[in-house]
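A.B. asks: Can you make the complete structure from the sequences, with help from the hints?
So the sequences go chain by chain: E and F.
Counting from 219, one number per residue, gives the positions in the first sequence under the working numbering.
Counting from 621, one number per residue, gives the positions in the second sequence under the working numbering.
In case anyone wonders, no lab produced these hints; they're calculated from the structure.
Remember, predicted model here, so these are calculated numbers, not experimental data.
Even glycine gets a Cβ: it sits at the ideal position worked out from N, Cα and C.
Accuracy of the hints is not assured; some may be wrong.
Taking lysine-lysine pairs in the DSS-like style, the calculated list, with each CA pair at most 30 Å apart, reads [stated by the list, open to error]:
1. Lys-542/E to Lys-751/F
2. Lys-812/F to Lys-744/F
3. Lys-569/E to Lys-761/F
4. Lys-561/E to Lys-580/E
5. Lys-761/F to Lys-542/E
6. Lys-751/F to Lys-773/F
7. Lys-812/F to Lys-730/F
8. Lys-751/F to Lys-687/F
9. Lys-580/E to Lys-556/E
10. Lys-773/F to Lys-542/E
If you want the footprint, here are the derived chain F segments under chain E, 3+ residues with CB under 8 Å [as the list claims (entries may be wrong)]:
11. 659–673
12. 713–719
13. 727–735
14. 792–802
Computed far set for chain F versus chain E, every beta-carbon distance over 10 Å [to be verified]:
15. Glu-634
16. Gln-780
17. Asn-811
Here's the letter readout for the chains.
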Amino acid sequence: MNSQSTTNAQDARAFYLSSFDSLSKQSFVNEPAWLHEIRRGAIERFNELGFPHTRLEEWRFTNVRAIAETEYELAAQAGEYPAEAFEAVRLPQLDAWRIVLVDGVFSAELSSLRGLPEGVRVQSLAQALETDGALVEPYLARKGSYEDNPFAALNTAFMRDGALISIPQGVELNKPIHLVYLGSAGSRARAVFPRTLVAAGANSKFEIVETFAGRGENHLTNAVAEISLGEYARGQFIKFQREAASASHISNTTIDLARGATFLHHNLNFGGSLVRNDITASLNGEDVDCTLNGLIMGHRDQHVDNHTTLLHEKPHCRSWEMYKSILDDDSSGVFKGKIFVQKDAQKTDAKQTSQSLLMSDKASINAMPQLEIYADDVKCTHGATTGRLDENALFYARARGIGPEAARAMLTYAFAAEIVEAIDLPEVRDELEGLISERLPA
Amino acid sequence: MSLLEIKNLCASIEGKQILKGVNLTVNPGEVHAIMGPNGSGKSTLSQVLAGNEAYEVTSGEIIFEGKNLLEMAPDERACEGIFMAFQYPVEIPGVGNTYFLKTAYNAVRKYRGLEEVDAVEFIKIMKEKAKLVELDDKLLKRNVNEGFSGGEKKRNEIFQMAVLDPRLAILDETDSGLDVDALRTVAGGVNKLRDEKRAIVCITHYQRILNYLEPDIVHILADGRIVRTGGSELAHEVEEKGYAWLEQGAA
Ligand SMILES: Nc1ncnc2c1ncn2[C@@H]1O[C@H](COP(=O)(O)OP(=O)(O)O)[C@@H](O)[C@H]1O
Ligand SMILES: [Mg+2]
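C.D. replies: And the structure:
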C-alpha cells in the first residue's frame, strides 16, 4: 500500500548503518572533524544497542517494532506546508520570535527573528554549525546523552538541522521564542531528526514554546532537545506535540540546571499514533526549582509513553511533577516517573503526582513511580490515581440543568485545568484550552 | 392543575425497595414539609424527583405540570423547573462556582427559549442573589463546594435555587449542619423566594426550620410511605413525641 518497504529488526540496523555510510560520503563530508566524531560514536552506539524491545524494563509497555521495520526516507528535502495549516499552529496571537523548520530544514521565509536583543542567538543549528562550530560544540551531545537510548543515538548520527538558542548571561527576554517543527504532507514515510539546543547563561530568563506539527502519513519525528540553564537562570519550556494521527513521535529531552535555576517544563501531547517522550532533568546545584508537567489527551488507538527522570544531585532543591492523562477510545498511556535523590542532596523536596482519567472501557494506563533515595533528610512524595468521571458530580451538574455532554466536558476540562493554569503565557493557555476543548465530548 | 402529582411511587436502590407507594399532591404557592426518621426514604424521594439514575422506579407515576417526569433526564427536569437542594452537595474540583452556575443558568434559559446572558450580566444577577442568603462573595470565586464548610454548602444550594428560579424546590435537609444564625438566614432566604407560583417541599428530620418556613401542609414519611398528613400541629407532635408512635400507627 505504501511505497516504503518494510524490513525485519536485524535489517533495520543495517538500513541505518548503510544510510550513514552513504551520507558520510555526501552531506556530512564537509563537516568539522569533531562533529563527525560525534556522529560516528553515535552510530556505533546505535549499532550496539539496536532498537529497543519490550523485554527491556524501560520499554515494557511500548513496542517500537513499527518504527524499526519501516525504511524511512531520510533525505532532507523540504516539502510544502500550506499557509493555512501553518497559521493554525504558529500561535499567531503570541508575540514571539519564530524559528520554523519544514521537514527538518530551516525556513528563513517562515521564520521571523528580527529585533533579537544584543548577543541573543536564535538560529538554524545547521547554519550555526557552519559558521560558529566552536560555540555549538560544548553544548552538543554532552556527556553520554545517547548512551542508553538508541533513538537519541540515531538522532545524533543523522541530525541535519534544528534550532540553536543561546541567551547570554543576565539577559531577560521580553518576548517568547516559538520553535516550530513542521512536516509536510505525503504518503511516503519520512523520518526527521530535529535537534534543539538551548543554552541560557547565568541570571538570564526565557520562555520557549516548541511545536511539532507533522502532516505526513506514518512519518517519524525523532527529536532531541538539550537544555541548560546557568546559575539563577529562569526558564519556561512548553512543548506542543500535535503530529499527524498516523505519525510516530520520539523525543529525548535533557535539562541541566545550575545552582538557583528555576525551570518549568510543560509536555503537552495531542497527536501521533506512537509517542514516547523521555525527559531527564539534572539538578546540579543547590536551590534549584524544577517543575515537570504533562498532559496527555489520547483517543482512537494512540499510545503515549512518558518517561521522566529527576536527578537530585545537590541539597535544598525542589522538584514538582504533575502528569495528567485523559484517555478515550482504545488509547493507552504509560507514565514512568523516576526520582533519584543522591546522598549529597539533603533537604530535597520532591513531589510527584500522576492522575489518569479513563473515558472508555478500553482505554488503559500504566503509571509507575520509582523513587530511589540515598539521602536521609528529604521530603519525597508520590501518588498515582486512575479513575473515571465522578458520577455524583455529573449528576449534580445535570440536576442544575446542564446537559450530559456539557457536564462531561466540564468535568473533563476541570481535570486538566491545573496543567493549563500552570502555564505562564496567556496566549499559550488559550491555545491549550482550545486544543483540549476540541477533544471534549461535543 | 396541580404542580406536582406523585401517584403510588415505588423505588429501589441496588435491589432494595425504599419507596413503597408514595402519594403526594403539591399545588403552586404551597409549602409542604416532609418529616420522617432517618432511613425512611426522604433523600430517596428527593433523588428520584431529581432523576438520579442510581435509583430504579419500579412503579407509580410522577406528573409535573401535566408532563410525565419519569421520562425526562435530570437536566430536562431542572430546565422544566425542578430544583433539588442536595442533602450532601457535591464538591467539583477544577470548576469555578461562578462558571458552573452561569453554565446552568444559560442552559435553563436556552431551554426556556430565552437569550443566554454574558459574563458581565450574570455577575450582576449573581451578586444580587448572593445577598439573599448572605453568601460570601469569596465563595463565588472558589470551586464548586470545594472546601466549603457544611453551612456554606447549604447556603450555596439556596443561592443556586435563587439564581435558577425553579417552579418546584425540594430542599433535602437544608437545615442540617446549620447553626441557629445560619438557619435563620437560610430560611429567611427561602421565605423571600416564596411566591404564589412556586412550590417548596422542605424535607427535614427536625421541626426547627419549620418555625421559620411555616408550611401549609406537613407529611410524615415512614418506611417508604406517607403515613400522616396534617397541618403544622403535626410537626409539633413529632417534636414532642418523636417518630416511634407514628411507625406503630402505620403498621
Ligand atoms: N446506595 C445505597 N445502597 C443501598 N442502600 C441505600 C443506598 N442509599 C440509601 N440506601 C438505604 O435506603 C434507605 C433510605 O435512605 P434515605 O432515602 O437516604 O433516607 P433518609 O433520607 O430518610 O434518611 C436507608 O435504609 C439507606 O440505608
Ligand atoms: Mg436523607
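A.B. asks: Given the hint that Lys-812/F pairs with Lys-744/F, does the C-alpha gap stay at or below 30 Å?
C.D. replies: holds (19 Å)
A.B. asks: Grab the minimum beta-carbon distance between Gln-780/F and chain E and tell me whether it stays above 10 Å.
C.D. replies: Violated: least Cβ distance 7 Å, not greater than 10 Å.
A.B. asks: Verify the proposed pairing of Lys-569/E with Lys-761/F, using a straight-line Cα cut of 30 Å.
C.D. replies: Roughly 27 Å between the alpha carbons, so the hint for Lys-569/E and Lys-761/F holds.
A.B. asks: Is the claim that Asn-811/F lies outside the interface with chain E correct, judged by CB distances over 10 Å?
C.D. replies: Given that every Cβ of chain E is farther than 10 Å from that of Asn-811/F, nearest at about 22 Å, it holds.
A.B. asks: CA of Lys-751/F to CA of Lys-687/F, is that 30 Å or under?
C.D. replies: Measuring from Cα to Cα gives roughly 34 Å; hence the hint is violated.
A.B. asks: Taking only the CA atoms, is the gap from Lys-751/F to Lys-773/F under or equal to 30 Å?
C.D. replies: holds (15 Å)
A.B. asks: Are Lys-773/F and Lys-542/E close enough, with their CA atoms no more than 30 Å apart?
C.D. replies: The given pair, whose Cα atoms are some 29 Å apart, holds under the 30 Å limit.
A.B. asks: Minimum Cβ separation between Glu-634/F and chain E greater than 10 Å?
C.D. replies: holds (14 Å)
A.B. asks: Decide if the proposed pair is consistent with the structure: Lys-542/E and Lys-751/F, CA atoms, cutoff 30 Å inclusive.
C.D. replies: Distance ~38 Å between Lys-542/E and Lys-751/F Cα, so the pair is violated.
A.B. asks: Test coverage of the region 659–673 of chain F by chain E using CB-CB distances below 8 Å; three residues minimum.
C.D. replies: This one holds; 4 residues, not fewer than the three required, reach chain E with a Cβ under 8 Å.
A.B. asks: Assess, step by step, whether the Cα of Lys-812/F is no farther than 30 Å from the Cα of Lys-730/F, and give holds or violated.
C.D. replies: At roughly 26 Å apart (the allowed maximum being 30 Å), Lys-730/F and Lys-812/F satisfy the hint.
A.B. asks: Check, residue by residue, whether the region 792–802 of chain F contains three or more positions whose beta-carbon lies closer than 8 Å to a beta-carbon of chain E, and give the verdict.
C.D. replies: violated (count 0)
Hints 1, 4, 8, 14 and 16 from the list above are not met by this structure, while the remaining hints are.
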